[in-house]
Every structure is written in structure tokens, then in C-alpha cells.
Amino acid sequence: MSVDTRPLAVLPQPDARRRFVRAGDHRQLLEAALRSSRGVLRWGRGAATSGARNFARGIGRRRVGLSIFLPAFVAYVTIGALLSFRYHSFAGDAQSRLANAFYVLYSRDPHLAAIGFVWNPLPSISVMPLLPLKAIFPGLVTYAFGSNVMSSVFMAGSVVLVHSFLRDLRVRVGARVAITTLFALQPMIILYGANGMSEAIFLFFLLLTTRRLASWIDARRTWDLVLGGVALAFAYLARVEAVVPAMLAFSVVAAVTGLSTAGAWRERARVAALNGFLFAAPAAFAFVIWATISWIIVGHPLEQFSSQYGNASQLQAEGERFVTNRGGIGSLRFITLQLSALAATLPIAFAAAAWVSVRRRDLRWLAPASVFGGVVLFTVVTFLRGQTAGHLRYCIAVIPLWVLLLGCGLARPAGHMGGRRWLRSLAAICFAVVVAAVPIGTSALAMSDKRVGPEEHSHLGYILKPGSAGYELRFAHDSAQGIASYLDGIRLPRGAVLMDNFTPCTPLVVLGSRHPKQFVITNDRDFQRVLADPIAFHAKYVLVPPRGGLGDLNEINRQYPTMYESGAGIAKLAHEFSGKGCPAFRLYQLSGSTGRGG
Amino acid sequence: MPGTWVRSTASRTYARLLERALEPRPERRTSRTARVVAVDEATSRAFLRRSIDGLYDAAPDLSCKETTTPGQRRLGLGLGTTLVMLLILETRITLMAIVAVLTYLYAIVVIYRVRLFRRSMLSNSLLDISDEEALALEDLPIITVLIPAYKEPEVIARLMLDIGALDYPTSRLDVKLLIEQDDAETLAAIHAARPPRHFSVVLIPDGGPRTKPKALNYGLCLAAGELVAVYDAEDRPEPLQLRRAVAAFRRSTPDVVCLQGRLAYYNSGHNLITKWFEAEYLAWFRFFLPGLAERHVPVPLGGTSNVMRRKELQEVGGWDPYNVTEDADLGIRFHRAGYRTGVLASTTLEEANSDFVNWAKQRSRWQKGYLQTWLVHMRDPRRLWRELGPSGFFNFNFFVGGTPLLALMNPVFWALTILWFVTESSLIGNLFPPLIYFPALACWVIGNAVVVYLGVVSVELDGQPELAVAALLAPLYWVMMSVAAYKAAWQLVRNPSLWEKTAHGLTANPAAAAPVQRMAS
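Residue numbers (our numbering), protein chains in the order written: chain A, 1 to 598; chain B, 1 to 521.
Isolated chain A (complex conformation) (with noise of 0.2 Å):
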């Protein structure tokens, strides 16, 4: 054995597994992506690493991605300024959550459970970052324009996220351009990207989930599959349909992956059941999470369904003003009538994605057809059991689902280069026109009538035309407006008044009064205790509104049935407010208190 007396064996190669950029080749990289997003670079030899031509390409995306974001940013969020600073055309599930969102940070009792349970509670937080903004510009909190502005935000990531998808079918420019553009027109897109509602940051993250659950369906990379599932979880925080979506997309996954594995069929069974799970996990996590924290808070794990304003009971209340389910075949007609209205192509959409499926043996579709079609059924077989009203925009998920579906139908294999490319090209924009543009008609028509689209028409009609049923609506913000003046005119204490948040109006009581803290709502603490003995805690005033109809959820109402017309021996009535789009409130001074405080 002899002592190994060689050199190191030490090659000057260069390092080629460095696949990171170092922090000095940045700017390098930069310029060279911004040249070749103009079309000028050539990728030379040695000219670039691919490491470098993925940072480029990200850059690119981005531009991209930005620039179809910021025009339609700035389209939904004026029109959302023109409803509400112009039109006081309000939304007033929009006005809620971002109510409950100043609840937690500026009511008298300020805690992270004020946020209240009855509905998903992502709509609420994702406005919150906007709130301390008030002070700049009071209007984002006094005409609950924060909604507006978080809608538009969303409803413009999701039209980023549509061109996303198509070009990751690889659908050709002129039409995925085309498909955007028409999908970004439809007029519930935009209307739902303008009013604040949630249904935006929930396709936002259904569009999420199903561009990376088309991803995973293409080339099976778990991270896909990952960030798939979180996103699902975010679209459950956004709201509860997100259940179906979840169970169908969990099907398709363990569907997808017990097919293409080999072996055994308990193996695969195996395999199916960890990649079902890992894109199921997160969804579930978040239910198991809120409905835990809804029940050691509340006491009851889904509020949607028990509480006296969830859906059942607010459907039993005001089932006159909205289509309900009255049994037989004209609910289907019904529920058909608004899909078809709102996807009249549809069917064309699906069968160009069938075909193109059967022909290539791509099962994308999937992914959309899932995850939208989830909601639809959802939408569906609730409304036909009656456990939810029909309205138009429950049914709002079918647009982005026949828009990707027409862009699988319109999806390139990889490396694929045809001859005659601008024929080609031509005849898909065409066909993608076609397809694309109809639903804008019919569910321009839908949106107008009242029958069909009964909140839609109540919001937009009186815009249109002056003096329809909708009308009186365009007064309730100087209404509520006027309560808040009036009380805050008689300078009264903390929690001086009391009343039911939960009743249309009062959360634009509270959004614009200037001393918010001066009532006792419902997501405080002491809610009930105070409204069990009011005078004991020191309120002066309740705030109620008339019986029959929402108001009959009204806590107020429900604990003295008699406040409204006499005070129920306990208060004397102060003011009556004359009410225009408002419910007709009256406001009651507790007996034994002083009146004006001190």
C-alpha cells in the first residue's frame, strides 16, 4: 500500500449544474427579456442559459399578464365607482362583508370574531387591507366602495388567469386574444367585477384551481397538484359552493391517476387515494378549521345553513321577492332558462372539447368541466330543492366553464406547425367570435328582465330606465346616510344604540356614521346581554325596523314584537325616518335614559 501521491483530481470545468441566476446577471437577463419580448433577440449560441430564457419568458408572462390586468382593472373598478358614487346602485351582500371587515378593526367591540360566520369570511378579510385607507378617501368605507375596488381586483386576475389557461393549451393568439377579450365583455362578468359582490374573488380562485388541475392532468407534477388544492381551499373560504367543485375535482384526480398507473389494482388504488387527498387536503383543512372556529364561537359548526340569517331562513323570509323553487317543471325551466342565457354556446363549446379530447386523448376538459361544472350542479340541485333562491348569479360559474371548455376545443398539441398557419388562425378567431360573443346578447336580455334576473334588473334598471321597480334602491345610501347624520347629530356615548346589524340599511348606518362605536350590533360580544336588559347597559336608543318580510329577522323584533308599533312598554318613540329605499326605521329612546348622552 503506498501513500496516493496525485494531484487533486480538480478539472477547471465550469459548473453546469448552476441553475440559479446570480444576483449580478439580473439585470443582464432583464434587458436581454425585454429585447426579446420585442422580438428583436435571437437566443445565440452560449447566448443564454435556459435557466436564463425561463427567467425572460417570466418576464414576458408578466408584462403579459399586467397588461391585460390593468385595462381591466380600470374598466370594472369605474364602472364599480359610476354604480356607486354615481347611481348609488349598491349590492348589498357587497355592503355586508365589507361591514363585518370594519367591524373587526373599528366597531365598539373590535375582535377577529366580529367577522361573523354566516358567510365564508375571505370576501370580508381581503377588503380589509383597504380599510385604514378611509382616512385618504372616506368614500371606500362610507359608500362600501373597498368591495368595489377588491371585485374589480379579482375579476381582473381572473380575466389574467383565462388568457393563462388558453395559452397553456396553447390555444392560437388571435383566438385566446379574442376568447379574453369576449369573456372580460360578458355583461355579468362585468357587472360582478364592478359591484363588489364575492362572486369574483371565488372564480378568481376557481380559475386558479382549475389552470393548475388542468396543469397536473398534462404533466402530473405534484406541485400542481398542490398549489391546486390551496387554491380550492381559498375558493371554500370564499364560498361554501366550493364544496361540490371540491369533491368532483377530487374524483377526477383519483380517476385520472388510478388509470395511468401501472400494477396492481390495490397499488393503484393507493396511488390514487395520496393524489386524491393531496388535492383535497387543503379544502378540507380550511372546512374543518371554520367550521371549528364557528362552533366553539357560535356554537354551531355551519351557519350558513342553522342561523336565523343564513339561507334557509332569509329564503323563508323573503321568498315573495325572489324566484323560489315552487316545484314541478317550470322551476327546471326556469334554472335551464338562466344557464342558457348565460352559456347559449354551451353546448358547441363542449362538443369541440369532446372532440378534440376523443381525438388526442387530452383529458384538460376535465379540469373545468369539474371544477365550474361543480358549482353549476350545486347551483342547480339547490335551487330545485328549494334550498336557495334562484338567482341569476348563482349561475355565474357557467360562463368561465364554456370559455375554457371552447378553449380546450381550440388547443394545439405541443410542437404542433401546421401549414397554411393564417387559415388556421382565422377560422379558430372566427369560430371563437361566434362562440363567444352570443352569450353577451342573451345575457344582456337576461340581466333585464325581471323575471329571469330579478336582482340584476333591480340594481341596473332604474339606471337604464328611470323609474322602474328598482328605483327607490338609488336613495337607500342618502337614506342610511341621513339615520347616521341624525344620530351622530345627537353626539351620543359608546354604545348608546342599539340595533340589528343584519337588517338591509344598517351596515351603511354604521359605515357612515363618524362615531361608529356608538352602537351595539350583533357581531358583538355582548349583543345578547344587551339586548336582554338594554337600559341596564347603558343604551339610549334602538334602532328598528318595520316587521314582515327581512324584518322579521330582526333580533329586535324577534325579542320585543311590539318595539315597532309601541315600544313594547319600553322605550317612547324619538324619530321616525322617512325611509326611501330603505326599510321605514324607526328609532325608539329607551325609557329611563336621559336621552342626549353625556
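Treat the hints with care, as some may be off.
Unchecked claim - If you anchor each label on the Cβ, the simulated ranges turn out as follows:
#1 R360(A) with V479(B): 47 to 53 Å
#2 R494(A) with V479(B): 44 to 50 Å
#3 Q387(A) with I436(B): 39 to 45 Å
#4 G60(A) with I108(B): 29 to 35 Å
#5 Q387(A) with V479(B): 51 to 57 Å
#6 R170(A) with D355(B): 52 to 58 Å
#7 A415(B) with G60(A): 48 to 54 Å
#8 R57(A) with V479(B): 24 to 30 Å
#9 A100(B) with P466(A): 53 to 59 Å
I should point out that these hints are in silico values taken from the structure, not numbers from a laboratory. Where a beta carbon is used, it is the ideal one built from N, C-alpha and C, also for glycine.
Start from chain A and add chain B according to the hints.
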């Protein structure tokens, strides 16, 4: 270049000693026994001293001979006293501050882990050498394979098979079995196994701490190979591992001086503990260590299946015989000296502990060793920061200090969480303001879920769906970890260098004779 900070080891005395030790001697090997490396009394004494106090003499501040310096003890005592005083004087505020700081740290750890994991998932950062490339190598360097064994005669026969299965020319391979001098049973087993010619036995003389790193250092004194590889006696390295390591070294920049093979278990299906163990190793060796290696930050080595360049290994002072996780410590020292570690896509199978008591002994030794390593390297944080850079410093603290610390913190947070649920938030709500308590709770619950989820993801990525249930039940494993961590913390105070030997051979192994296949990675 690196290396100036530990006194150069290529001293003349050492060269002379080595020469003498390696002088050709009359052949003592008979056909029936193993070759025992003969070392005369004086050399043996010199080597022993070198193995025990080599690092301490060269760089006392990097040795674990004294776990804490007086300065550290004073600082610790001072901080402890201040904390107790604050707790007594301002209980509420102090508790709040502690919870806030811990929550913040925990959030950073989880986010950081997710990022590291994501990067390893998206890019394969293992050094992957194809079979063809490995087999086509020429001019192979001599490799000294060091295999310490202590009182484990039952694994010797198996060892001959597994190490014998390494595909490397025997003329370039120098396998040294490191046996304690008084370990007659193991020696007898080796003789009985009649090892091939490239195997030899080194008898470690008595004295100093009786630890694996001491034996390794002694073996290193006698090592002649350009590369040094370390295996445990019960290991089953993938046959092409050494060739792959040579190829990986040739492919890397010269600052890569150490390669860590991937570790996994051959008995992972034995019971839930072994499954947990396997799932944990999978995440560690498949995702975290490659992620660390790719970021050029210190990689705590894994104890076996390391292949190192001998010269640099000696330069940084070899293993620390007083540290009970000498492997992790060595990895840090390599990086402090400006070298790097790579993670090799080649798996060595080990035996997982299937018994709780045995597992707890091993784990508490690891936790103790990590704490020791952390204390040693944090003696001069500014110097560590200089030598490792901000990212390396950060990673060192998270992976070496953070691992046992997290295990110690876990039960406290679990208790707080359960308390919140049981008392319906009233008790905790009175103690902490919601602005501190809710983020802490959210962070804790979500963070735990994320870590469990990532465990399941890693199991899927590695194509081992049979471990999924174990990965899901990981929180129970964390409870075991916390038990071990508390035992470790107690032992660190009482008996810092005690090495609790892990018993092997607990799993009777029917598939023992099957050759080890290279695992896809």
C-alpha cells in the same frame, strides 16, 4: 483559500508517523483470519492523542470538549435570570412577548421550509450520475472506507456482503473496520467471516471518550486514500455509490469536498415507528438537504454514506470526538472553511429503529448533538456570520439550532392550543390579548397542517404511497420527538459526551441477501 483557520495538519511529525505505520511489515494474516493493521506503541499513542484532542489542540473554540465556554455560561445565566425576573415582575407582558417572538420565529421557519421544499421539488438538486457514466470512469482514486463497529458481531457477516458488493476495483479500495481494542466478540466475528484482502481491521486503543468520531479519527490517521468514505456497520450502500461519488467529484468545482449519499431504511415497513422514520428521512434527504446544498449553505451531514476528500477532511480537523453528532458538526465546519457539500443521488439503506426506547435513545443523542453543535458554532456569532454569510448563518440556526428547539417548543404550543379549545378560549383569552393569541394560534394550527401536508407530498413525490398514513400521523411522531428532545436537553446538562449506542439487528430480515438496488430519486 480556506484552511488557514485550523492549523495545517500536514506537519512533519504526522508524515513521519504515517510513513512508519504504513511500512510494509511481515504478513501476519493467515488464511483463516482478517488482517489487523499493526501499529507500534508510540505511533498508536500519538494517533490516539491526535484522534482525541487533534481538533481541540488546533482550534479549541471549535471543539466540543467543553460544551459551553465561560462566556456562554455567563450569558446563558444572565439571560435566564433576567427572564425569570421579568416573569415574576411582569408576568403577563413577558409571556406575551415570549409568545409573540416564538410565533414570529415559527412562522418564518414554516415559510422557509415551504420555500426550500418547493425549490427542491421544482428542480432536481441532487447530483445525479448515470450508471453509464459511473461505470465508464477510469483512473479511479484510492478510497479508504471507514466502518466503525462496536459490539455488534451479529452484523459482520452481512457487512462483508454489502460492502463487498460495492462495484469498485479492490486494488483501489481500502476498507478499514474500526474496532475497539477490547471488543473481542466483534473481532472474532470478523475473523470468522474471513474478509477479502482489501479489508483490514484497525484496533482502536482505549482512552478518551469512547465514541464513533474518535474511532473515525483514528482510522483517518491510517487512511491513505485520496477519498475517505464512512459507513455504519449495518449499512447497505447502493453498489455504484463510490463510483458515482468519484464522478460527482470530477464534475463539481474543487470547493465541493464532501458528498452525502441519500439514506433510507430497508426495514421501513416493519411498524409505524419505522415508517415514520422513513418518511422523515425521505423529506430530509430528498428535499431539505439538497435544497441546502443548492443554496450553498451548511449541510448537516448524515453520519454515514459520506465520501470526502481526505486532504480537506484532515485540514478542517477531522471529526470532533466530543460531539455526539460529529457528522452534523463536520458539515458545518466544512462550510466555515469555505468548502461545500453536495448531495448524491445514490441511496444507502440502513436499519431503522423499530423499538421506541431504542429510538428515543438514538433521537435524544441526535437532538443533544445538534444542540452541542449549535452551542459550539455560536460561540462567536460574528465570526460565524462572516464565514457562512447571512444565508448560511440563517440556515445553520434554523436547521441545527431550530430542529431540537422546535421539538422542545412543540408540547408547550400544543398545550396552549388544547387549552384554548377545552376552556373555550376564556382562560387563554384572559392571559393573552387577541392580537397576540390569534395569530399565534393560526400560525400554529396552519403551520402544523402545512408541515404534515408537505410530509405527505414528499411521500407521493418519492413514489412511496405506503408511507402516506404514517406521514399523516406525523404529529404523534412529533410527540415522541419532543420526549427525546427533553431527554436530550437534560442529558446535555448532565452528561454531554455520553454516546448511547443504538442497538442494531432488531429487525430479522428475510430479504437480507437481496442485492441493494439503486433507488430512483
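Tested hints:
1. R360(A) with V479(B): 47 to 53 Å: At roughly 51 Å between Cβ atoms, V479(B) and R360(A) fall inside 47 to 53 Å, so the hint holds.
2. R494(A) with V479(B): 44 to 50 Å: 47 Å, holds
3. Q387(A) with I436(B): 39 to 45 Å: 41 Å, holds
4. G60(A) with I108(B): 29 to 35 Å: Taking Cβ atoms as reference, G60(A) and I108(B) lie about 32 Å apart, which means the hint holds.
5. Q387(A) with V479(B): 51 to 57 Å: Given about 43 Å between the Cβ atoms, the range is violated.
6. R170(A) with D355(B): 52 to 58 Å: 56 Å, holds
7. A415(B) with G60(A): 48 to 54 Å: Since A415(B) and G60(A) have Cβ atoms about 51 Å apart, the given range 48 to 54 Å holds.
8. R57(A) with V479(B): 24 to 30 Å: Violated, since R57(A) and V479(B) (Cβ atoms, about 46 Å apart) do not stay within the stated range.
9. A100(B) with P466(A): 53 to 59 Å: Since A100(B) and P466(A) have Cβ atoms about 57 Å apart, the given range 53 to 59 Å holds.
The structure is inconsistent with the numbered hints 5, 8, although it conforms to all the rest.
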